[in-house]
Structures are given as structure tokens and as C-alpha cells.
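Each protein sequence line maps, in turn, to chains A and B.
Take 1 as the starting number for the first sequence in our numbering and just add one per residue.
Take 1 as the starting number for the second sequence in our numbering and just add one per residue.
A hint or two may mislead.
[As the list claims (entries may be wrong)] Listed next, the stretches of chain A that the computed footprint assigns to chain B, with coverage defined by at least 3 CB atoms under 8 Å from CB atoms of chain B:
1. 79-91
2. 120-133
[Unchecked claim] Far from chain A, by Cβ distances over 12 Å, these chain B residues were calculated:
3. 32
4. 108
5. 127
6. 164
7. 205
8. 231
Hints in this document: simulated from the structure, not taken from any laboratory.
All values derive from a computational prediction rather than experimental measurement.
Yeah, the Cβ is synthetic: ideal placement off N, Cα and C, and Gly gets one too.
The chain contents come next:
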Amino acid sequence: MSDFQVEYCLLIDDNLVDRFVHRRLLEHHKIARTIKEFDNGKDALDYLTELARNGSPVPDLILLDLMMPEMDGFEFLKHYELWVQRSKVRPYLFMVSSTEDDHDLRRSRDNRHIIKLLRKPLVPKLLKEVIDQNSDLK
Amino acid sequence: MTPRNSTKPIRILYLDDEDNNLRSFKAAFRREYEVYTANNTEDAFSIIKSQKPQVIFSDQRMPVTSGVEFFNAVRQVFPEPVRILITGFTDVNDIIDAINKGHIYRYITKPWSEAEIKVAIENAYDLYHTRRQLQEKIDDLEKTNNELNRFVYSVSHDLRAPIASVLGLVKVSQIDIKDEASIQLFDKVDQSVHKLDILVNNIIDYYKNSKATEEYLEVDVDNLVEDVLNQLHSGESRENLTLQKAVDQNARFFGDYFRVRIVLSHLIANAIKFKKPEQLRAQVDLNFEIGEDQVLIKVKDHGVGILQDHVEQIFKMFFRGKDQMAGSGLGLYIVKEALSKMGGSIDVQSSPGKGAEFHIVIPNMVQQENE
Numbered sequence: 001m002s003d004f005q006v007e008y009c010l011l012i013d014d015n016l017v018d019r020f021v022h023r024r025l026l027e028h029h030k031i032a033r034t035i036k037e038f039d040n041g042k043d044a045l046d047y048l049t050e051l052a053r054n055g056s057p058v059p060d061l062i063l064l065d066l067m068m069p070e071m072d073g074f075e076f077l078k079h080y081e082l083w084v085q086r087s088k089v090r091p092y093l094f095m096v097s098s099t100e101d102d103h104d105l106r107r108s109r110d111n112r113h114i115i116k117l118l119r120k121p122l123v124p125k126l127l128k129e130v131i132d133q134n135s136d137l138k
Numbered sequence: 001m002t003p004r005n006s007t008k009p010i011r012i013l014y015l016d017d018e019d020n021n022l023r024s025f026k027a028a029f030r031r032e033y034e035v036y037t038a039n040n041t042e043d044a045f046s047i048i049k050s051q052k053p054q055v056i057f058s059d060q061r062m063p064v065t066s067g068v069e070f071f072n073a074v075r076q077v078f079p080e081p082v083r084i085l086i087t088g089f090t091d092v093n094d095i096i097d098a099i100n101k102g103h104i105y106r107y108i109t110k111p112w113s114e115a116e117i118k119v120a121i122e123n124a125y126d127l128y129h130t131r132r133q134l135q136e137k138i139d140d141l142e143k144t145n146n147e148l149n150r151f152v153y154s155v156s157h158d159l160r161a162p163i164a165s166v167l168g169l170v171k172v173s174q175i176d177i178k179d180e181a182s183i184q185l186f187d188k189v190d191q192s193v194h195k196l197d198i199l200v201n202n203i204i205d206y207y208k209n210s211k212a213t214e215e216y217l218e219v220d221v222d223n224l225v226e227d228v229l230n231q232l233h234s235g236e237s238r239e240n241l242t243l244q245k246a247v248d249q250n251a252r253f254f255g256d257y258f259r260v261r262i263v264l265s266h267l268i269a270n271a272i273k274f275k276k277p278e279q280l281r282a283q284v285d286l287n288f289e290i291g292e293d294q295v296l297i298k299v300k301d302h303g304v305g306i307l308q309d310h311v312e313q314i315f316k317m318f319f320r321g322k323d324q325m326a327g328s329g330l331g332l333y334i335v336k337e338a339l340s341k342m343g344g345s346i347d348v349q350s351s352p353g354k355g356a357e358f359h360i361v362i363p364n365m366v367q368q369e370n371e
């Protein structure tokens with residue numbers, strides 16, 4: 001039994017400070033053992049595709065920022081859909097955002113890839129709970 | 001008299017079936033005004049469309065269409081030009097009727113004099129000009145108002161991102177910093193930034209509520225409460241809350257989802273903010289009674305309660321109780337505004353030390369939805 005909740009987490013966020021904060025919180029609260037960061041969705045997609053092609057272990061948790069230049073979180077998810085179909089795995093995916101927009105809230109609830117939209121700053125305890133609640137869905 | 005650009009004379013259209021009348025009218029006024037003439041309504045309409053005259057004269061007696069009928073048709077499509085009827089004394093009843101219904105501005109009896117027409121033109125143009133200026137002012141104000149709202153909204157949104165980053169950094173500091181003095185400093189940073197966060201969120205809620213667009217969605221109470229808890233501001237997170245929920249659902253609940261959420265968010269945030277100092281967690285009882293016509297929501301907290309003197313005032317903008325953790329003074333004002341936009345109501349029963357119980361009534365929009 002691992003002492004971390006998940007093995008491998010991907011942080012996709014253009015904001016350096018938020019990536020720093022999330023990394024530290026995930027480590028400290030023993031949520032993810034290994035964490036890899038991307039500052040944009042495109043590089044993250046390329047990386048995921050590469051992993052799937054090589055048969056390498058894929059992340060089991062993804063924290064995805066909503067507002068990013070070029071490719072925002074929802075745009076990322078359109079491509080991610082294909083990746084999920086091909087790689088036949090389903091990481092826990094959370095959208096993490098400072099948005100207060102009701103439209104974003106509804107869109108994220110309607111998106112089947114998003115377990116939940118989490119408000120920044122991240123509340124590690126809440127993240128842990130929701131991962132636990134969803135462990136059977138995986 | 002209204003000052004106007006001398007290089008741009010007033011544009012006038014004159015409609016009359018007798019070409020002689022048109023010629024003499026044009027001869028009399030073409031030096032001072034830009035005069036267009038037409039001997040049938042079809043031509044008149046195409047001139048109105050292309051030349052946009054500010055003042056239109058029409059003879060009343062014409063073979064196919066009367067002047068009043070013509071003006072009535074013009075008014076539907078081109079409301080701006082000022083309409084003046086030229087007529088003999090014989091059609092008094094028609095004319096009075098047309099003036100009363102607003103089809104024409106005034107009438108001039110035949111035979112007309114040049115001076116009379118000139119005064120009529122100048123006065124009509126004054127009216128035209130004033131109306132136009134007023135309309136421009138209204139358009140300007142609406143535009144400014146919309147821009148201001150959008151500006152406040154986008155600024156608030158943009159402010160939230162760095163605020164959230166700072167709050168995140170403070171969380172990291174709570175993990176990594178052991179020095180007592182620094183811990184205390186970071187606590188103060190945390191408190192201040194929380195206040196800022198709440199203020200910014202209140203401004204966003206205030207803006208959302210000011211928008212008229214109301215959409216009625218089916219409200220799933222479980223989802224609603226989950227959203228409310230999820231969107232609690234950082235300082236008021238669900239860790240500080242014990243919530244008991246009871247739902248008595250006798251009908252489907254349709255309503256303005258986001259306004260309902262705003263109302264509950266603020267009441268629950270307040271319950272957390274105003275818990276008794278000895279309480280570890282705020283305790284809130286949420287009670288939904290969903291009927292066909294209306295939805296009653298009771299929000300009962302077990303916090304410090306509200307002073308009798310304050311009960312009347314808590315829903316006012318920028319009112320603050322004299323407490324340790326003063327908020328922005330916007331929260332309950334937004335609650336009240338949101339409810340009035342939904343056609344709902346709120347009242348509160350409270351005494352100091354005994355907590356507060358808010359009763360909210362919202363019309364259930366289930367019927368409207370089915371129509």
C-alpha cells in the first residue's frame with residue numbers, strides 16, 4: 001500500500017506561482033508521489049501521446065487550469081478526449097481555476113472528463129476526499 | 001434657436017399631387033433649405049430613405065392616399081422626421097384625430113405664407129434636433145453603463161487570479177515556515193487577502209445580479225448545495241461548517257439557479273463568519289420546502305445572532321455590524337437584490353446569542369417552464 005494517494009500527477013497551468021503552490025501542497029499532503037509540470041496544454045498533450053505510444057506509465061491525476069493562452073482548459077479537453085479513447089486509461093482529472101463564471105461552472109459540470117471544478121487556491125483536503133469518492137469509478 | 005452647421009441646410013421633403021404647388025414651394029425655399037419634392041407617395045418614400053429629410057410636409061387631399069394616411073405609414077418606418085400637414089379647412093376632424101394620435105406634429109392651412117412655413121420649419125427642426133440629442137444621450141449612457149459593468153466584471157475576474165495565488169502561497173508558508181514571528185505575519189497577510197477576496201467576489205456577484213437576463217433551470221437541491229459549498233470563499237471553507245440539510249420536495253423546482261445560489265452562498269458565508277467564538281465549526285440547518293407555487297428555504301445558524309437594532313438595517317448596502325470580522329457590507333444587500341429580481345422575499349428572526357433564522361420565499365417557476 002502506497003503512502004501517497006496517487007503515483008503520478010500532471011500539473012497543467014501557465015501560472016508559475018500556482019504550479020509551485022500546487023506542487024508543494026500535493027507533496028506535503030501526500031497526494032502525489034511524482035509531479036510533472038507543463039505551462040501549456042499543447043506540450044502536455046504531446047507528452048501524453050508520447051507516453052501512450054511507448055507504453056509508459058501514464059499519470060493517474062491531472063490538475064488542469066482553465067484560463068491559459070492559446071489553448072484553454074476546455075480546448076485541451078477536446079484533444080484529451082481522443083487520447084482517452086486511444087490509451088484506454090482514465091486519470092482523475094480536475095479543473096482548477098480562479099473563475100467565478102457561472103458559465104464555466106456549468107460547462108465543467110457538463111464535461112464528462114472533469115470530476116470537479118476546484119476553486120483556487122486548492123484545498124488539498126477537498127481534493128483528497130473527492131479522489132477517494134471517485135476511486136471506484138476509475 | 002438651435003445653432004446648426006450653416007454648411008448643412010435643413011433637409012425638407014414636400015409631397016403634393018399638384019406639380020404647380022411643388023414648383024412654387026421649391027422656388028420659395030430652395031435657397032435656404034435643401035428641398036426635395038414628390039408628387040406621389042412612392043417617390044416620397046424613396047426620398048425619405050435616401051435623403052433622410054428632417055422635416056416632411058404633405059398635402060392632405062391627394063387622389064390615392066390622404067396626407068394623414070401617408071404620415072401614419074411614414075411614422076411606422078421612419079419615426080424621426082417631423083411631420084407637418086398642409087390642408088384646407090374642410091378636413092378638421094381628420095386633422096384633430098391625426099394630431100391627437102401623434103401622426104403629425106402640426107398643420108398649416110392653405111393658402112400658406114412663406115413666413116409661416118419658415119417658422120414651421122425652424123420649430124420642427126428644433127424638435128427634431130432636440131429629440132435626436134436626447135436619443136444620442138440615452139444611447140451614450142446605455143453604452144457607458146454597459147461598458148462600466150463589463151469593466152468592473154472583467155477587472156474583478158482578473159483580480160481573482162493573483163489573489164488566489166497569494167492565498168495559495170500563504171498555504172505553502174503554513175507548511176514550510178516554522179519561525180513564530182513569520183507565522184504571525186503570514187496569518188495577517190492571510191486575513192487581509194481573504195477580505196480582499198471576499199470583496200472582489202461580492203463585486204462579481206453584485207454585477208451578475210445586476211444583469212437582467214434571467215433563465216429558469218431545474219434546480220436540483222443536492223447540486224445546488226454542493227455548488228454553494230464548493231464556491232465558498234477561501235476563508236469560509238466547508239471545513240469550518242457542519243451542514244444539515246432537509247428537503248421536502250412536492251414539486252419540481254424551476255428557478256433562477258445562479259441567483260438562488262448567490263443567496264445561499266452569502267447566507268452560509270455569513271453563518272461561518274458569525275459563528276460564536278467558542279464554536280469550532282459553524283452549524284447551519286438548511287430546510288427546503290418545495291411546493292408547486294413557491295419554494296421556502298430556511299437557513300438557520302447557531303451563531304452570535306443579530307442585535308435587535310440591526311435587524312432592520314442588515315439588508316442595506318454597506319451596512320456593517322460592529323464586529324471583529326467586518327465584511328464588505330455588500331453580502332446581505334446582494335441577497336436582498338437577488339431575491340427582489342426573482343420576485344422573492346426574505347425575513348429574519350434573531351436575537352443576540354441565539355443565532356439567526358432566515359426565511360426565503362422564491363416563486364417556483366415550474367408552471368412557466370411547462371407552458
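Worksheet item: Any of the earlier hints contradicted here, and which numbers?
Response: 1, 6, 7, 8
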